[in-house]
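Engineer: Top line first, the protein sequences correspond to chains L and U. All residue numbers in the first sequence are consecutive under my numbering, ending with 487. All residue numbers in the second sequence are consecutive under my numbering, ending with 487.
Please keep in mind that the hints were generated in silico from the structure rather than gathered at the bench. All figures in this text were calculated on a predicted structure; none of them were measured in a lab. Some hints here could point you the wrong way.
Which copy is meant is left open, so a pair is good if it fits within one copy or across any two.
[Unchecked claim] Straight-line C-alpha distance at most 35 Å; calculated DSBU-like pairs for lysine-lysine:
#  : residue 1 : residue 2
1  : Lys-369   : Lys-111
2  : Lys-90    : Lys-324
3  : Lys-70    : Lys-483
4  : Lys-303   : Lys-97
5  : Lys-70    : Lys-344
6  : Lys-345   : Lys-385
7  : Lys-423   : Lys-18
8  : Lys-344   : Lys-385
9  : Lys-97    : Lys-373
10 : Lys-70    : Lys-423
11 : Lys-385   : Lys-483
12 : Lys-344   : Lys-483
13 : Lys-346   : Lys-279
14 : Lys-369   : Lys-97
15 : Lys-373   : Lys-93
16 : Lys-111   : Lys-385
17 : Lys-117   : Lys-423
18 : Lys-97    : Lys-396
19 : Lys-18    : Lys-344
20 : Lys-483   : Lys-97
21 : Lys-18    : Lys-279
22 : Lys-93    : Lys-324
Number of protein chains: 2
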Amino acid sequence: MARTKIKDILRSEEHGYPVTVKGWVRSFRNNQFIALNDGSSLNNLQIVIDLNTNEEIVKNITNGASLSINGTVVTSQGKGQKVEVKADTVEILGTCDGEKFPLQLKNRPSLEYLREIAHLRFRTNTFGAVFRVRHSLAFAIHQFFNDRGFVYLHTPIVTASDAEGAGEMFRVTTLPFDNPPRNEDGSINFTEDFFGRATNLTVSGQLEGELGATAFGEVYTFGPTFRAENSNTARHLAEFWMIEPEVAFNDLNDNADLAEEFIRYVIKYALEHNREDLEFLAQRLIDEEKQKPQNERSEMGLIEKLEFVINNKFERVTYTEAIDILLNSPAYKKKKFQYDVSWGIDMQSEHERYLVEKHFKKPVVVTDYPKDIKAFYMRQNDDGKTVAAMDILAPGIGEIVGGSQREERLDKLEQRMNEMHIPTEEMYWYLDTRRFGTVPHAGFGLGFERLVLFVTGMTNIRDVIPFPRTPKNAEF
Amino acid sequence: MARTKIKDILRSEEHGYPVTVKGWVRSFRNNQFIALNDGSSLNNLQIVIDLNTNEEIVKNITNGASLSINGTVVTSQGKGQKVEVKADTVEILGTCDGEKFPLQLKNRPSLEYLREIAHLRFRTNTFGAVFRVRHSLAFAIHQFFNDRGFVYLHTPIVTASDAEGAGEMFRVTTLPFDNPPRNEDGSINFTEDFFGRATNLTVSGQLEGELGATAFGEVYTFGPTFRAENSNTARHLAEFWMIEPEVAFNDLNDNADLAEEFIRYVIKYALEHNREDLEFLAQRLIDEEKQKPQNERSEMGLIEKLEFVINNKFERVTYTEAIDILLNSPAYKKKKFQYDVSWGIDMQSEHERYLVEKHFKKPVVVTDYPKDIKAFYMRQNDDGKTVAAMDILAPGIGEIVGGSQREERLDKLEQRMNEMHIPTEEMYWYLDTRRFGTVPHAGFGLGFERLVLFVTGMTNIRDVIPFPRTPKNAEF
């Protein structure tokens, strides 16, 4: 008989029908009650086995063992579940030795310990919930853009472009370290490398996204991006997934509207499709924060926070207004900021957190940053000092979105590239979009793992990607 | 007024309402009729401008220029369209100089030429259609798996694992070529590299996918994979996207069922959502094949072929049966094969094409290959000679899917790894799934670009990925 998923059995009101279920033992008590989990749901299915079940089989029903059960769905006599399965046959598919099983060795394994056994942590309630939510968010992202007629564009991962200045890059090569080919002047001869030139892992698909937007109107990317920065923090990964929509004919305001609508949509989707998982994660967060002093705990519960984001417009302020708020803040006046504040600074994390968590107490869209701290491709405002950039800052996370209207005027773009020493000849393909039927356009990038952090209430980014890549770590 | 997409105007039966449309000029005739395209559809919208329109504006309505039009949707007097837009105002957003515009310079630009200007080729009918279809296939893939409860798992791109033997790999590094750190014995000291060890770009997410499947039951990956093979063919890319589902409790037969259902689903989705694009591509294929001798042309049209795949079960044969068919074929007897045929060979492209295109004339699932030509993780059959592998071969494409039931028995897996000199200690995390609650499971990989080739009828894989990466080429 085909296997029935535990999620479907638990969801149905029916009983009295035969099923085959398969999964892993989460607990076994009184030699009679098995809590079985197959990953389809946070919740386990209770299996009741006959007290006369073969002793050899009973001995092997241990935590982590895999079973196949034939039985009947019946209404449950016990508390905590509506239905359970009365087993007719129990087959051990795979045993699990409790003396060796890493998940069995510690009573309440810490997140740090589970990170070391990331290949098994999917089998815990916390990581089961986190990665089902991650899945739902990913699907919601595709659905959001597909419904609106965006074209999903796979921008290249290996790239020869190094002009974006978005961060340090990883080299991709097939050249040997021992006696690499050299030019006459002693430099490495990259024309002998696989791609005939020096290549890196992409830091962003935006520039290629613009090529798509100026043909399809609306495109988005959703793919891996890379930063070779030696940042060992709870917010940085060397390999992470990014979503980058790019829309022809949009200005900065349209861009902020799109980002808000997008963030609300995907959070709403997760609340609707992963309620049990999110309620479990909300409780986990409460338990975790019990160890913190009262004033460091979240003011809202996880679900409450997500519903707040869905139901309230984000605050919008210009960079100039934001700096004024900081200069007039009690924190500034009492010299509580570590870094100084003045117009022109690249705001530090402490400044962003003050704006979002203390002042506005909601997500904030900051626009129109000084041009000197932003990338060459951002549209220059008429004041000569700022560009049409925007960052969205979220409580507890900091920057979650970075975007801008793009400079569509060829002369202004070339001038800015020259000022910033970005080679215009090499970037002829990018400039061609401004030469041939240029259009106003705008886009943004959203770090997927930061979104997952925000929605799951997890606090370390290594806990929301299956196999994190960080300095000195590429395990699994 | 907010812009209305051309697709929505052409689709609607309504008229008499005001619109703003924006897009790029595809043609302009009689100083009055503009064919405007905004990428939302293959079809252009006809704009009728006033004969008294300002001369300066009329002069700048050239192919490739971008316009913003305010006007009224009216029923069309001309042939070829139901509605058109009578313009009230025409604004030139961006001019386009026909003397310099690459798409204007050649009358019917070849696919090869368009590959050189891949940053602009999205603006042609052919590539517009190809990449809208590619988008639809990608979305259909996510929808197929989401509907069935699969978890989308992002497996790592940078990996230290080099044990899979799936192909040559690209090194990922931040070490300098000049004076790289060395060990005492003179070898490169990779502990100084970013990840503290030697790392590469992934060739497959399967092994990590198995870690997910043995917790969530059903997972899939959809991400970029890499091969550093110096293959300059119409079927190979150095960077390509792959879909890899992995399912706990599935055997080889379930695996083939899933692959068939999956392929049918996504093709059906494209036929339903991209009919115009596919009809255009079908005509393109007919035109292309006119240059071929009659006997080399496709027997079926593109749409006909896709409908055939949807409506007919794939053929299933064992490798042993396939070899017998080849040995008994007229082609073999007349010595028309370049490579010899005997039990144990890794079938060549000519053999696969014979089976699919001449003998069965439909997609074929070949199962149970000799173990010596397949990977270590495939489940060993009882005959001691073969493994529970499967390849799906498609007409005109060759191998489109490769998969297997996985060896879930720890002792047999370890034995095979030792025979094949694969380090079991390094792969402890993979073997742990067999140590702790092992389950039968199976999965497959499908090369996304080969699927797009099959569905669009394009013949060179460089024409179905936005920016192809091939030996000596990483442009854009």
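Engineer: If a hint holds in the structure, say so; if it does not, say that too.
Structural biologist: Status of the hints after comparison with the structure:
1. In this assembly of identical chains, the alpha carbons of Lys-369 and Lys-111 never lie at most 35 Å apart, being 48 Å within a copy and 55 Å across copies at closest.
2. In this assembly of identical chains, the alpha carbons of Lys-90 and Lys-324 never lie at most 35 Å apart, being 42 Å within a copy and 48 Å across copies at closest.
3. In this assembly of identical chains, Lys-70 and Lys-483 lie within 35 Å of each other by CA distance neither inside one copy nor across copies; the values are 42 Å within and 61 Å between.
4. In this assembly of identical chains, the alpha carbons of Lys-303 and Lys-97 never lie at most 35 Å apart, being 44 Å within a copy and 66 Å across copies at closest.
5. Proximity of Lys-70 and Lys-344 under a CA criterion of 35 Å is satisfied in neither setting, with 68 Å inside one chain copy and 61 Å between copies.
6. For the homomeric pair Lys-345 and Lys-385, the shortest alpha-carbon distance inside one copy (30 Å) is at most 35 Å, but the shortest distance between copies (69 Å) is not.
7. In this assembly of identical chains, Lys-423 and Lys-18 lie within 35 Å of each other by CA distance solely across copies; the values are 33 Å between and 57 Å within a copy.
8. Taking identical chains as interchangeable, the C-alpha atoms of Lys-344 and Lys-385 lie at most 35 Å apart only when both belong to the same chain, with a minimum of 28 Å there against 70 Å between chains.
9. For the homomeric pair Lys-97 and Lys-373, neither the shortest alpha-carbon distance inside one copy (50 Å) nor that between copies (46 Å) is at most 35 Å.
10. Proximity of Lys-70 to Lys-423 under the C-alpha cut-off of 35 Å is restricted to the inter-copy arrangement: shortest distance 24 Å between copies versus 76 Å within a copy.
11. Taking the shortest alpha-carbon separations for Lys-385 and Lys-483, both the intra-copy value of 30 Å and the inter-copy value of 33 Å come in at or below 35 Å.
12. Neither within a single protomer nor between protomers do Lys-344 and Lys-483 lie at most 35 Å apart by alpha-carbon distance, with minima of 41 Å and 59 Å respectively.
13. For the identical chains of this complex, Lys-346 and Lys-279 are neighbours neither inside a copy (39 Å) nor across copies (64 Å), given an alpha-carbon limit of 35 Å.
14. Taking the shortest alpha-carbon separations for Lys-369 and Lys-97, neither the intra-copy value of 54 Å nor the inter-copy value of 54 Å comes in at or below 35 Å.
15. In this homomeric assembly, Lys-373 and Lys-93 never come within 35 Å of each other (Cα to Cα): the closest approach is 40 Å inside a single copy and 49 Å across copies.
16. Proximity of Lys-111 to Lys-385 under the C-alpha cut-off of 35 Å is restricted to the inter-copy arrangement: shortest distance 32 Å between copies versus 53 Å within a copy.
17. In this homomeric assembly, Lys-117 and Lys-423 come within 35 Å of each other (Cα to Cα) only across copies, at 30 Å, whereas the closest approach inside a single copy is 61 Å.
18. Within a single copy, Lys-97 and Lys-396 get their C-alpha atoms no closer than 73 Å, and across copies no closer than 41 Å, so neither meets the 35 Å cut-off.
19. Within a single copy, Lys-18 and Lys-344 get their C-alpha atoms no closer than 55 Å, and across copies no closer than 56 Å, so neither meets the 35 Å cut-off.
20. In this homomeric assembly, Lys-483 and Lys-97 never come within 35 Å of each other (Cα to Cα): the closest approach is 50 Å inside a single copy and 63 Å across copies.
21. Proximity of Lys-18 and Lys-279 under a CA criterion of 35 Å is satisfied in both settings, with 21 Å inside one chain copy and 28 Å between copies.
22. Taking the shortest Cα distances, Lys-93 and Lys-324 never come within 35 Å of each other, neither inside one copy (40 Å) nor across copies (41 Å).
When the structure is compared with the earlier hints, violations turn up for hints 1, 2, 3, 4, 5, 9, 12, 13, 14, 15, 18, 19, 20, 22 and for no others.
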